[in-house]
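Student: Make the full structure from the sequences, and use the hints.
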Amino acid sequence: MTKRRSMLQWKGILIFIVLIFASLLCIEARETPLAIEKRADIIKINTLRSFGDLERPEVVFFHDLHTENLKKSNKDCKTCHLNEKSSLDRLSFKFKRLKDTGKKEVMNIYHNECIGCHKTTAASGQKTGPVEVCGECHKNKNLVISSRTPMGFDKSLHYRHSQAQQNKCEQCHHEYDQKNKTLVYAKNKEGSCRYCHLQDKESLDIQKPISMELASHLSCIDCHRKTLKKKMDAGPVSCQGCHDLKQQQQIVKVDNVPRIKRGQPDNVLIRTGDKKGSVIGMMRVPFPHKAHEKYNDTCRVCHHGELKSCANCHTINGSKEGKYVKLETAMHQTGKQSSCQGCHGLKKQKNDCAGCHALMGKKRNHESSDCIRCHMVPLPEMTGVLSKSKEAKMARMMPEIWQKTFGISQKIKVPEKVIINNLADRYEPVEFPHKKIFNALVKRVNGSKLAQYFHYNNNTLCLGCHHNTPVAGKPPKCSSCHGKPFDEQNLLKPGILGSYHRQCLGCHQAMGIQKPKDCTGCHKNRK
Amino acid sequence: MYAFITGPLLWLAFTIFVVGCIVRIILYIKGLDWQADRVAYTAHLFYGIKGAVRSIVFWLSPFGTRGWRKNPGFTVVFFVFHIGLLFTPIFLQAHNIILKQRWGVSLWTISESSADVLTIVVMIAAVFLVLRRLSLPEVRILTTTYDFIILAIAVAPFITGFIAHYIASDYKFWLIIHIICGEIMLIAIPFTKLSHFVLFFMSRAQLGMDYGIKRGGMKGKGFAW
Amino acid sequence: MPEGILCNKKTVDIKEQLDALLADAGGKQYYEEMNQLDIDKDALRATIKKSFKSRLKTWLEICAHCGMCAESCYYYLANNRDPEQVPSYKIHSTLGKLIKRKGNVDNAFMQMCMDTAFSKCSCCTRCGVYCPFGIDMGVMFGYLRGLLFSQGFTPWEMKVGSGMHRIYKAQMDVTTEDWIDTCEWMAEEWEDDYPGLKIPVDKKNADIMYTLNAREAKHYPQDIAEAAVLFHLAGENWTVPSEGWEETSLTMFAGDWAACKMQVENVYAAMERLKPKRMVGTECGHAYRATVIEGPYWAGIKNGQPPVESLHYVEWVAEALRTGKLKIDPAKKIKEPVTFQDSCNYVRNAGLADIPREIMSYIAEDFREMTPNREHNFCCGGGGGLNGIGRYREARNIGFKIKRDQILATGAKLVVAPCHNCWDAIRDMEEIYHVGIRWSFLKPLLIDMVQVPDHLKPKD
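Protein chains in written order, with the numbering used here: chain A, 1 to 527; chain B, 1 to 225; chain C, 1 to 460.
The set of hints was computed from the structure by calculation and includes no laboratory data.
Hints may be right or wrong, so weigh each one.
[Said to hold, decoys possible] Covered stretches of chain A (in silico footprint by chain B; criterion: 3 or more residues with CB under 8 Å from a CB of chain B, positions within the stretch not fixed):
hint : region
1    : 11–19
2    : 135–143
[Stated by the list, open to error] As a list, the in silico DSSO-like pairs of lysine-lysine whose alpha-carbon atoms are at most 27 Å apart:
hint : chain 1 : residue 1 : chain 2 : residue 2
3    : A       : 141       : A       : 72
4    : A       : 44        : A       : 226
5    : C       : 275       : C       : 261
6    : C       : 102       : A       : 11
7    : C       : 198       : C       : 277
8    : B       : 100       : A       : 44
9    : A       : 127       : A       : 103
10   : A       : 96        : B       : 100
11   : B       : 30        : C       : 50
12   : A       : 417       : A       : 524
13   : A       : 449       : A       : 477
14   : A       : 103       : B       : 100
15   : A       : 141       : B       : 172
16   : A       : 94        : A       : 141
17   : A       : 515       : A       : 435
18   : C       : 277       : B       : 219
19   : B       : 30        : A       : 127
20   : C       : 457       : C       : 325
21   : C       : 275       : B       : 219
22   : B       : 172       : A       : 104
23   : B       : 100       : A       : 119
24   : A       : 417       : A       : 477
25   : B       : 172       : A       : 38
26   : C       : 325       : B       : 50
27   : C       : 97        : B       : 30
28   : C       : 57        : B       : 50
29   : B       : 30        : C       : 53
As the structure is a computational prediction, the values presented were derived from the model and not from experiment.
Where is the CB? At the ideal position from N, CA and C, for every residue including glycine.
Tutor: Written as structure tokens, this is what we have:
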């Protein structure tokens, strides 16, 4: 071979290598289609984070995938989880160890055990996980996203559990004895797990008490596991059994759950002032506790911190236990479900109510006769001493005085149809089916006890549209305040066109009413 | 595919590598001739070994000889390149974990970030070497395409390994390319200039013995490299 | 035409051949015939197969083309860093190619190899010291010279030199009679100043057997006298052999390995015959290298050492000064700035770097080292036989620049150069560049400054 040919050959080889490499990189740069899988059983193995920054990406581990496959070979939880060396007789949450001793040791446990098991499984010819390739477990890009739905324990589920445990509360409810470092049962102090297990997930600081995640898995799943072993019916032990949305929806819901017996009162008087309950500011509030138990799925909705009376922590002047939230704030804070007015306000967001209530102000109206719906003057028959004062008598009579002074007719005649023709130039006048709408609102009110309580009188419904005016048989027309066009002295008050459309369409939108589909749904085109 | 290239093919590559290197060493030593080379290798073994060891140690030390000191920039790039080239695959965690899984033994390992630094530094050094070859006239006149190919073979496992670890979306594919590049390198070592892996020591020892026995080593002092 | 009359593959073994060669002034006909010389490819291949072993093979194979040898080579530096002077390039474009083509080369290629091997390399081996792999291109060029010689491609002067050694066992046509006569003559001439001066010939069991360079016998006999005087003043029990007195080896430069063997065997035979305690050579670098360092291998001596412990002249001088055998008159020490030329052949290639420094400490007051120095010093520019070769004079003169600049940088006025080639080179360098320096062997300097013991002073 001549020198020239061999030189060409080398150059050719080099160019070939470079081309191959370039094309590989081009293939790489292409967008790969994302095939996203959703799973409820994802566990991110990142234990080594407690020893410093991770050197490889955390491993995305599918727990149910493993338990299902192990089940096929009659292998149970003990294949991977060891018994805790404590009086509690339960399996450790950790994989093949009880403690995280050191970085290398923990890494070796994961590698040896995971890979070792995969190897044995592969040897028996079954499909199994990665054996050697680092990046197949420590993936850079994770194309599986978690569809884990948080699990909750409502009163229906609680009832089913207490039935199964023959009402032995001590099976689940415990307190932590700091001195002896054990869990003990405290009778009549049973409460939600979350009262002590405050953290959602385990974090890097080792906290006591353990997180809700860890506690619920340790207690719930362990108990289920033991129960299943006794060949009895029990709850899920797989991830998806609790955390998959569809499976959650299949959990049997008991209608009319019998009342939890925790020594709670039927009715409560919420004191607003001194011990006598007489007026510093407002009358005390009689609270039907039993009725409200029906309206909520858990006790925690209201008893968010402890299973005690609100005033225990939220005192009149505020205290440390209540995080300095005063009783008044606790009862009236808008937007919070644990507050009375807050919860009622949230209920006003329902479609049925939102038509009017969405357009009304969200702030509390401090000067309103509505207050007496809760801070009520007690009827003379119900109490003795309290109702005898003159002021109390006056307060009791307020609704009647009001009625007489302003002459609110109890019988309002709602017109069948109202013709709105102020803007009849592009369109025909609107035939507004007033009565139909009024009746629909009445129907919706009747569907809610809360609504009925506050809308004790149908007249109150008028104020939804006929606002900024007292209730009357013939309320002012919209155009009496809303001119055309808008009033430049009062930019927040829309003009007549804006008013109609914002009021009508706003109501429809808030209530989720699909009609009208377009402009001609309300007013036909002028020919 | 993975099982094949990390099974039989890997065995083949390592066998060729180990046997090849041993063969090269044996052939080298066999081909030494005291009379033709004019070095009395065996007659003055002590001085010969002393000279050989000095010759190797001084040249294996950064800035250990005048030759290195005269080219400080190149020396830094050279040592960084070679230290990275050798240390990284031997002390990489990933390789040692595989070794542990397969054979239960493992060497010391370096942290992933150290390995990353070494890998990047090897790649940068390789770029410098290529630029040096193209820009310095005294190197350009010596350079052939073969030199670039050899460098490519040596650096390819690093580039592909790095891509597989950090950049690629198809990890397995690039891992396989990486393994194949590594095997190509192993197989190439006994047959190409990469044989300097062992022949550096042979050649340096030979010249060291030459200076140690013949050119003044027996007069007390070792050669002042 | 395969073989010329003067230029051919045969060695010059008889006087008539040599005379014919000498008659061709400057090698004019010789080089013309060389243009027609064929290559005996079979013979070349056979030689390569027999002699090209793993050391050379590996050197050529693993060269990483790094270019670190470039700056080590004074030809590269003197020729404005011409890339074609990079040692690796030089050896690969000659020996490398020769091996790759398996000897399948033509006349032009062989002449190019000869030009490279003789005018672009003086075999100083400095490149081997700077190569990370320890690839010694100087040694390789020596080997190449051997291959070239076997095919008849050698410079005219080298062919002459090879013939000289084969016929006269000396680099010049000095017969044994000429030699002994010269000894007697010198002893006579200098006896007046140094009563009792003798040049003993063939004395058995002496402490020192002295060998020298035929040029001294032919052209500079005073050197022999100076050597005799110094031995005499030092009170040495010394002798010279009648045969085997010539230590040099132009055959080494020429690549005539067979004649190298013959040459050194001659000297060793003298050692065997006279059984001196030690052999001391004259101030000649390649003579020491050829006879003491490389010689034993040509002669097949397994331990690589000559039959008798052999010294370069500087070693004897250092010992004499150290032990007080020679005493220097402090008033006569060299006062002007003086520097020392480290000859490749006994400093880098034999490890005698410390000895000259020791000597200078006795005889000089303002000694300046060159930069670089000792084992890392540059070749004088005339080594490897280059001084004598007319064809490559231009190339040699360019190479001188490096040594010239080194000497100038020291600021020295005098260069001590105990080596015939270095001495000649520095002389020629001064002749061309006129930098105003002087150069000297050790002997004349010592003669001037050494104290004569009373019992050896002339009685008058």
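Student: Are the hints correct? Go through all of them and say.
Tutor: Each hint tested on the structure:
1. 11–19: holds (count 4)
2. 135–143: holds (count 5)
3. 141/A - 72/A: Violated, because 30 Å separates the two Cα atoms, which is more than 27 Å.
4. 44/A - 226/A: holds, 26 Å
5. 275/C - 261/C: holds, 20 Å
6. 102/C - 11/A: holds, 24 Å
7. 198/C - 277/C: It holds: about 19 Å lies between the C-alpha atoms, which stays within 27 Å.
8. 100/B - 44/A: holds, 24 Å
9. 127/A - 103/A: Given pair residue 127/A, residue 103/A is violated - Cα atoms ~30 Å apart, limit 27 Å.
10. 96/A - 100/B: holds, 19 Å
11. 30/B - 50/C: holds, 14 Å
12. 417/A - 524/A: holds, 16 Å
13. 449/A - 477/A: Between residue 449/A and residue 477/A the Cα gap is close to 32 Å, so the pair fails against 27 Å, i.e. violated.
14. 103/A - 100/B: holds, 16 Å
15. 141/A - 172/B: holds, 13 Å
16. 94/A - 141/A: holds, 25 Å
17. 515/A - 435/A: Holds. Residue 515/A to residue 435/A sits at ~17 Å (cutoff 27 Å).
18. 277/C - 219/B: holds, 18 Å
19. 30/B - 127/A: With a Cα-Cα distance of about 53 Å, the restraint between residue 30/B and residue 127/A is violated, given a limit of 27 Å.
20. 457/C - 325/C: With Cα atoms ~15 Å apart, residue 457/C and residue 325/C stay inside 27 Å; holds.
21. 275/C - 219/B: Status holds; Cα separation ~23 Å.
22. 172/B - 104/A: holds, 26 Å
23. 100/B - 119/A: With Cα atoms ~14 Å apart, residue 100/B and residue 119/A stay inside 27 Å; holds.
24. 417/A - 477/A: holds, 14 Å
25. 172/B - 38/A: holds, 22 Å
26. 325/C - 50/B: violated, 34 Å
27. 97/C - 30/B: holds, 24 Å
28. 57/C - 50/B: holds, 24 Å
29. 30/B - 53/C: holds, 9 Å
The earlier numbered hints that this structure contradicts are 3, 9, 13, 19 and 26.
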